[in-house]
Amino acid sequence: MTEGIDRQLPSPAPAVVPETEPFWAATAEGRLLLPRCAACATVIWYPKGICPECGSLDIGWVEASGEGEVYTFTVSRRGEGAYLDAGPFVLAYVELDEGPRVMTNIVGCSPESVRIGLRVRAVFDDTGQGSALVRFAPVER
Amino acid sequence: MSIRGQAFIAGAYEHPRRKIPDRSVAQIHAEVAVGALADAGLSFSDVDAYFTVDQTGLGAITLAEYLGLKVSYIDSTLTGGSSYLVHVGHAAAAIAAGKCNVALITLGGHVRPAPGVGRAPGVGTPHGPFEEVYGVTTVNNYALAARRHMYEFGTTSEQLAEVKVAASHHAQYNPDALLPNVVTVEEVLASPLVADPLHRLDSCVMTDGGGALVVVSPAVAKTLDRTCVKVLGQGEAPKHTMNGRVDVTYTGAVWSGPMAFAEAGVTVADVDYASIYDSFTITVIETIEDLGFCEKGRGGDFVLDGGLISPTGRLPFNTDGGGLCNNHPVNQGGMTKVIEAVRQLRGEARPEVQVPDCEIALAHGSGGRISSRMGSSTLVLGREDA
Ligand SMILES: [Zn+2]
Numbered sequence: 001m002t003e004g005i006d007r008q009l010p011s012p013a014p015a016v017v018p019e020t021e022p023f024w025a026a027t028a029e030g031r032l033l034l035p036r037c038a039a040c041a042t043v044i045w046y047p048k049g050i051c052p053e054c055g056s057l058d059i060g061w062v063e064a065s066g067e068g069e070v071y072t073f074t075v076s077r078r079g080e081g082a083y084l085d086a087g088p089f090v091l092a093y094v095e096l097d098e099g100p101r102v103m104t105n106i107v108g109c110s111p112e113s114v115r116i117g118l119r120v121r122a123v124f125d126d127t128g129q130g131s132a133l134v135r136f137a138p139v140e141r
Numbered sequence: 001m002s003i004r005g006q007a008f009i010a011g012a013y014e015h016p017r018r019k020i021p022d023r024s025v026a027q028i029h030a031e032v033a034v035g036a037l038a039d040a041g042l043s044f045s046d047v048d049a050y051f052t053v054d055q056t057g058l059g060a061i062t063l064a065e066y067l068g069l070k071v072s073y074i075d076s077t078l079t080g081g082s083s084y085l086v087h088v089g090h091a092a093a094a095i096a097a098g099k100c101n102v103a104l105i106t107l108g109g110h111v112r113p114a115p116g117v118g119r120a121p122g123v124g125t126p127h128g129p130f131e132e133v134y135g136v137t138t139v140n141n142y143a144l145a146a147r148r149h150m151y152e153f154g155t156t157s158e159q160l161a162e163v164k165v166a167a168s169h170h171a172q173y174n175p176d177a178l179l180p181n182v183v184t185v186e187e188v189l190a191s192p193l194v195a196d197p198l199h200r201l202d203s204c205v206m207t208d209g210g211g212a213l214v215v216v217s218p219a220v221a222k223t224l225d226r227t228c229v230k231v232l233g234q235g236e237a238p239k240h241t242m243n244g245r246v247d248v249t250y251t252g253a254v255w256s257g258p259m260a261f262a263e264a265g266v267t268v269a270d271v272d273y274a275s276i277y278d279s280f281t282i283t284v285i286e287t288i289e290d291l292g293f294c295e296k297g298r299g300g301d302f303v304l305d306g307g308l309i310s311p312t313g314r315l316p317f318n319t320d321g322g323g324l325c326n327n328h329p330v331n332q333g334g335m336t337k338v339i340e341a342v343r344q345l346r347g348e349a350r351p352e353v354q355v356p357d358c359e360i361a362l363a364h365g366s367g368g369r370i371s372s373r374m375g376s377s378t379l380v381l382g383r384e385d386a
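Protein sequence lines, in the order shown, are assigned to chains A and B.
Going letter by letter, the first sequence gives residues 1 to 141 in the numbering used here.
Going letter by letter, the second sequence gives residues 1 to 386 in the numbering used here.
One chain only, chain A, in its complex shape (with noise of 0.2 angstroms):
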């Protein structure tokens, strides 16, 4: 089955608040941003105002390489919200090389060739509002 190589997911924008802002505008561009402790260096996930591991507010931005490998997933065959028409979707959790295990979808690839630990590198589908969602394709050998 190659269903799903080249099909487009739904696309549903974000809730936006101040607190995410920096991260989503990041996305519009391409980019993947991480929050990052100014205090103890800890990489955040999710986009938060507080670190979790020090209790300090004051967060910055680093980043990220965009790569990582597939923590685990599943073929989702029945969506819900924007995805109740969506057809079988792969949603994962992906582990960034930086760390943070992430959720996301696996595009790209025919949702039966996921495996875990497929070394996958982000691409950023358009929302249309302003942001993207950060998804996740095979890395080409």
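Hints listed in this document are in silico derivations from the structure and should not be mistaken for laboratory results.
Note that the coordinates shown come from a computational prediction; the quantities given were computed from them, not determined experimentally.
Please note that the accuracy of each hint is not assured.
What the hints assert, rightly or not - Facing chain A, from chain B, some residues (calculated, C-beta under 10 angstroms):
1. T125
2. H149
3. D247
The beta-carbon is built from N, C-alpha and C at its ideal position, and this holds for glycine as well.
Knowing the structure of chain A, use the given hints to seat chain B with the ligand on it.
Structure of chain B with the ligand alone, referenced to chain A:
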């Protein structure tokens, strides 16, 4: 201060219906409240504490008014499906502290539909925008855990299916069960994949319904004719994504279990019966490992050969048919977990599934979603003379 022996469950009632379109949510609460108080031999005027999750925006107050309660203690803690185990623990602590003597706990409502098209993803929570835009649902979230558990420990779909098979064996004796038919491993595997590796039959039922409990002080328990159940210990623990280091292979039971066992002064070897939250088959596998019934990663082996089937299995579980086959009212199965544990300790489970001489029972709830954020609670109960 420990709650051990400081409170007793005197009344328990499960709404017999699974589809209740002709009742309002508040009416269902009223029906189960009446049922549990009648079971205990108490009346509304005896109730001085009220526990329910917030369904109205004003905590327990809306329903306290509807029921006509005059109480001096309220609690609307919400930890998802585990809320009602937390409520029993909190009620026992409040009774032990002298704040109240008769606590009523109610659950009622209709099945919650999935969100429709047009709902803005992630509004209202800090994490939502980073998850909901990717199409996460309850079932595909649990599937993420099942996949990783298989990868790390070699767990198989056949082993997951055994959990459903055991639940169905019990449900056949429950005339109120939504799904009373015994199913086989093959039938589970042949049911449609919803989010692989989870099939439709790896999932719990979705039902209207409700239930209620009455928790009382030792002094009140002494005055009642009804057989009471002793509260021995309780633990509660949220588990979340831990700043991007989410590990989907274990649950908050790794923390709530030891707390409850320590307070109760018992170990897994003492447990005669267990109600284990069964939103999905993987929930049971991970939970029995985390509670210490088997080594981490061996849950799949533990459930083989009828390991969960009462009364002959290694760990008789969910003898009402559980959330997988009997009832999962309002997507919150913690209430029915406690109720079946109470039936077992009273010797009032269905005869075919009653554990002989059941002295110590455990009930465990898992709220929320196993692969992101969840609320776990473990309750250890004993016979009145335990
Ligand atoms: Zn820090």
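Looking at the structure, which of the earlier hints fail to hold?
Those not satisfied: there are none.
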